[in-house]
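Peer 1: So you can see what is in the structure, the chains are spelled out below.
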Amino acid sequence: MPKDVAVVGVGQSAFVRGYPGSIRELAFEAFREAMQDAAITVKDVGASIVCSAPEYDKQRTPSGLIAEYLGLIPQPTFIVENVCSSSTSGIRVAYSLIKSGLHDVVVVLGFQKMSEITSQDSQERMGRGADIMFESPFGTLMPAYYAMHARGHFSKYGSTEEDLALIRVKAAGYGVLNEKAVYRKAVTLEQAMEAGPVCSPLKVFDCCANADGASCVILASADKAKEISKEPVYILGMGAASAPMNVTGRSTFSGLDCAKLAGQEAYEMAGVGPQDIDVAEVHDCFTIAEMMAYEALGFAEPGKGPELIRNRETYKEGKIPVNVDGGLLSKGHPIGATGGSQVRTIVLQLRDKAGAIQVPGAEIGLVHNIGGVGIYGNVIIFGR
Amino acid sequence: MGFERFGSKSFTSQAKVAEFVDYLDKGELAYTKCRTCSQAYFPPRADCANCLGNDMEWIAFKGNGKIVTFTHTMYAPTGFEADAPYTIVVVELDGLKVLGRMNKEVPVDTLSVGMSVKVEIVKLPDGQVTYEFLPA
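Chains A and B, in that order, give the protein sequences. Residue 435, in this note's numbering, is where the first sequence stops; the numbers in between run on with no holes. Residue 1253, in this note's numbering, is where the second sequence stops; the numbers in between run on with no holes.
Heads up, a few of these hints could be off.
Claimed, not checked - Each computed DSSO-like pair below joins lysine-lysine, with the alpha-carbon atoms no more than 30 angstroms apart:
| # | chain 1 | residue 1 | chain 2 | residue 2 |
| --- | --- | --- | --- | --- |
| 1 | A | Lys355 | B | Lys1183 |
| 2 | A | Lys109 | B | Lys1126 |
| 3 | B | Lys1179 | A | Lys207 |
Simulated from the structure, these hints should not be mistaken for lab results.
Please work from the sequences and hints to get the whole structure.
Peer 2: This is the structure:
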C-alpha cells in the first residue's frame, strides 16, 4: 500500500445556480478554504493544475488567469480537462508530478460556471459531447445516453424505475444536510416516480442538478505532508481507464467498462478490496450511474445493485455508505469542480470531520468520477 | 467535402469516409472492412486500428437487426428542437452496432430490447440524407 502522496487541504465553494461573481472569484472561494485548511502559503506551492471543461468557459486558457488570481504566479500552471472527470484527472497528474519529485506541493483547482453561457449555447454544446460525425447528427444528448444504459440494465437484470427513484430519495435526504448543495429539499418516492419524463426511462428526479461551483484539493509528498499537516489523508491507490466515445463501440449497456477497469486498478494498487471501503463517493450524474457504480466497484455483484439500495445498504448506517453528501444529484454538478468536491467529502470523512454525515470510524474511502457517458473513468482510494 | 450531407444537421464536412453518403444516396447503409486483417467497422473508418492499414472495402448492411437499447427523448439539443420528442436506438446489425433514430410514427411503447428492426434510408427535402429504423 503506497503512501507517497497525501491530500493536505480541501475546499469547496457552495454549489449554486447563477453564481453572482466571475470565474476567478468562484475559484478563489474553494482555494481560500483549501489553503486555510492546509495552513500553507502560496510560496509553499510548486505548481497549479486548473480543471474545467472549456466548452462552458468564455475565458480562453483559464489556467493563467486563475493562477494569477490565486497568487500562484510564477509557478507553472496548466489545464487538465476530461469533462466531468477533469479534477480527478488533475489529481492523477498532480500525483505523478509529486511522486516524480518535480514538485512537493501541487494545487488542483476545479471550477465550472455553468451559467457563464446562455442556456441555448449550453444546449448546443450538449449535442456535441458525442461523436460529432456519427452520433450528434441524430440529436443525441447526455441524458439519452445514460437512459440507454438504464434500459440496458433493466433489460438484463430486471431492475426498475423504482430502484432508480430510491437512489434519488437517498441523495435528496442527504442533500438537505449539505449546506453547500444546490438542491436541499427531500424527495419522496412518489415525487420521484411521478416526475415528468426527460429521456425514458429517466425522469426529472433521475437527473442531477445544474450548478456553478469550484473545488480545490492540495496534494503534497509524504515527507512534506508529515511536516505541514496534522491529518494528512493518503492516496492509497488510483486507477484510470477509457472507453469508446461512440457507444456503438461499447461491449455492454448495463455498466461502464472504464469504471470497472479503473476500480480494479485502484484496488490492486491499494491492496484492498470492495469489502474494505468504509465510505464512497460515486459519480451519480444520473441515478442509473450510481446503480452501475455499485456493480462496477464490486459493492454488489453484477445485477445485484438494486438489492443494495432496496435494503438501504448505501445509506450512512448501511454496509457501504455511498454519496452521503447528497451526490451530484443534490449537490449539483459543476463539471470541472465535481471530482474535487467528491475528494473533499472523502477527506473530511477520513478525518472524522464530516459532521452530520460522518460515517463512524471511516478509515478507507473511495472516489469514482466519470467523464462523459463512461468515456473516462477515474477511481481513487484514500486512507489515513 | 461531401460528409456535410449526412443527417438532418451535420457537424463535419471533410472526411475520408464521405463515401458513406454516396452509399446512402444509393439506398444503402454501409460499413468498412479492412482488406488486410478483415476487421469490420461501424462507424466506418478510413484507417484500421487493428493492423494500422488503410486498405478498406465498403460493405452494405444486409438483413434485419435487433434492438440493443433505446430511449424516447422529450428534449433535444439546439438544431433538433423541432424534432422532439424522438426515439434514439442502438441496433445490432450484421454483428456490428449502429446508432440511429426509430421512425417517428413508431410508438415507443411498442419497442423492446431484442425486437427485430430493419433499416431504411431517408432522403430529406433539403438534399440531406440519413437512415432510420422500422419494425421488421
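Peer 1: Hint by hint, note whether the structure agrees.
Peer 2: Going through the hints against the structure:
{"no.": "1", "hint": "Lys355/A / Lys1183/B", "verdict": "26 angstroms, holds"}
{"no.": "2", "hint": "Lys109/A / Lys1126/B", "verdict": "25 angstroms, holds"}
{"no.": "3", "hint": "Lys1179/B / Lys207/A", "verdict": "27 angstroms, holds"}
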